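Visitor: Working from the sequences, and respecting the hints, build out all of it.
So the sequences go chain by chain: D and S. Residue numbers for the first sequence follow the working numbering, beginning at 18 and rising by one. Residue numbers for the second sequence follow the working numbering, beginning at 18 and rising by one.
Be careful, since some hints might not be right.
As the list claims (entries may be wrong) - Here are some of the chain D residues that sit facing chain S, going by a computed Cβ distance under 8 Å:
id, residue
1, Phe-134
2, Tyr-135
3, Ser-219
4, Glu-265
5, Pro-294
6, Leu-303
To be verified - In the DSBU-like style, the derived pairs of lysine-lysine whose C-alpha atoms are separated by at most 35 Å in a straight line are:
id, chain 1, residue 1, chain 2, residue 2
7, S, Lys-285, D, Lys-208
8, S, Lys-90, D, Lys-302
9, S, Lys-302, D, Lys-210
These are calculated hints, taken from the structure and not from any lab test. Being a predicted model, the structure only gives us computed values, none of them experimental. We put the CB at the ideal spot given by N, CA and C, even for glycine.
There are 2 protein chains.
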Amino acid sequence: MRISLIQQEYKGNKKDTLNHTISMIEKSKGELVILQELHEYEYFCKSEDTKYFDYAESFEEDVKFWANVSKKKNIVLITSLFEKVMDGIYYNTAVVFDKGKIAGKYRKTHIPDDPGFYEKFYFTPGDEIEPIYTSIGKLGVLVCWDQWYPEAARVMALKGAEILIYPTAIGWLMCPEDRVDELCEKENTKKEKEKMLNAWISVQRGHAVANGVYVIAVNRVGKEKDESGVLGGIEFWGNSFIFGPQGEEIVRGGMKEDIIEAEINLKKAKGIRKIWPFFRDRRIKLYECIKNRYC
Amino acid sequence: MRISLIQQEYKGNKKDTLNHTISMIEKSKGELVILQELHEYEYFCKSEDTKYFDYAESFEEDVKFWANVSKKKNIVLITSLFEKVMDGIYYNTAVVFDKGKIAGKYRKTHIPDDPGFYEKFYFTPGDEIEPIYTSIGKLGVLVCWDQWYPEAARVMALKGAEILIYPTAIGWLMCPEDRVDELCEKENTKKEKEKMLNAWISVQRGHAVANGVYVIAVNRVGKEKDESGVLGGIEFWGNSFIFGPQGEEIVRGGMKEDIIEAEINLKKAKGIRKIWPFFRDRRIKLYECIKNRYC
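Guide: What follows is the structure in structure tokens.
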């Protein structure tokens, strides 16, 4: 099965961004095409501003739009949209389309809040971790901050997910133009940047090995200023990847716009658990404390 | 705090092996010294033979012996011994000594069984995952096969472990001298070997990132034949390592005998969770299915 990861920049407004995304999808060759987190807009969680809630008003329209893209191209398409359910309840939602039909959606369950990533202001946490059934397999769609949680990966795998897929928006904090604050300076050394990028890769690669599944992340690229002027902004680090069920790197992108593509073989992944039988030996009685905050 | 990992070969019998281990410990400079899994003997689980149970008869003597080593050198020492509790109940047990006193023990909870690693024949699984309190910190001692389980790492971290430590015996299957069987041939390509080694590293590195803790593995080196002649034997891959709380490689050994040493800073690890606040956002209600075999 061929998979395409669309790694792109924000183009200054929704219309230009959508047009660009569509042109990339047209060029892609995958049966499964995956877009990055909140791909219709800038990563607006860089600051807390009520104006950005307007972006969620078009959720229903957006769903129709992407269903149509999926139908025309005859693909399974994973999108990441800002969903309004009612006044005061908004989700960070991945909607999965299967050749024009909605196969399912996943509402981000782990919501971050740290400088430049003020997502707790915008998003209600989703309350379900369930794989989504499609014509090409059971997809364990999770979103960004979820990727740091072995529990989320394991729950998906225990529920039968054959691939873990993380639309993502992650990068390094940029220093504000007029000053260098302590946090951005500390984070902007080359060594620190590499450490953060490698940590992000490592933890997800670990999920692949522990669960014997493919793991895919699709991240944005480009520098986006913090319009509020409080922080400098974020330089998104791209590096979208596919790791195999033994943690082997299958493909990894750079820091530029790119359609990152590879073939994967879900049957092969199923075979791995016969010779690496981690699931056989889980000591479930000893994991009780995992459902506690701390023990 | 300085840590020493004693990565060694089996020297043909217990006496020579112990003498060699002692000479390596004497040369080491760590306050915490860690020995590999079942370091007194060959890795005898390469085949199933009742004669090896005799090795566990000296457990009480062994404990006294290592307590004395720990006292003389004035160190925290992590050993890995074959423990007999009664006829029919034997454990793969890490005993931790703190300057001559027993600080605690951990009985391996996840027991493997695959070609060349027939541990289910020898070891009853331990029934507790608890950190061990020592004068230098709370140690999350786990053993070998445990390292593939994110749950074991998480339980230790939730219970306050500051470092995860895995005495280990892992390597590649060797082909028998008189023939090349399918499994050993498949596993003996350079690419396959690298994939397995990297998977082993990746999954543990993932535990470091997910839990914001140091992760240490101490593995044996050398080729050990399967005396039963069924399999070729195992080439242990060494590569003992320390990863930092952001998954950064601090030190890693090669495939030869070595005292692998580094300084670590437990205070630094504690700071990481302030800016990478994964523990804050765990969605404990959504992890219910982890305590099931499958969902």
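Visitor: Determine for every hint whether it applies to the structure shown.
Guide: Each hint tested on the structure:
1. The restraint placing D/Phe-134 at the interface with chain S is violated, with a minimum CB-CB distance near 11 Å, outside the 8 Å limit.
2. Against a cut-off of 8 Å between C-beta atoms, the interface hint on D/Tyr-135 is violated, since the closest Cβ of chain S lies about 13 Å away.
3. With its C-beta approaching chain S no nearer than about 4 Å, D/Ser-219 sits inside the 8 Å limit, and its interface hint holds.
4. For D/Glu-265, the interface hint holds, the least distance from its beta-carbon to any beta-carbon of chain S being 5 Å, beneath 8 Å.
5. For D/Pro-294, the interface hint holds, the least distance from its beta-carbon to any beta-carbon of chain S being 7 Å, beneath 8 Å.
6. The beta carbon of D/Leu-303 comes within 5 Å of a beta carbon in chain S, closer than 8 Å, and the hint placing it at the interface holds.
7. Taking the CA atoms of S/Lys-285 and D/Lys-208, the gap is near 16 Å; set against the 35 Å cutoff, the hint holds.
8. The straight-line distance between the Cα atoms of S/Lys-90 and D/Lys-302 is roughly 39 Å, outside the 35 Å bound, and the hint therefore fails.
9. Between S/Lys-302 and D/Lys-210 the alpha-carbon distance is near 34 Å, which keeps this suggested pair within the 35 Å criterion.
Violated hints for the displayed structure, listed by number in ascending order: 1, 2, 8.
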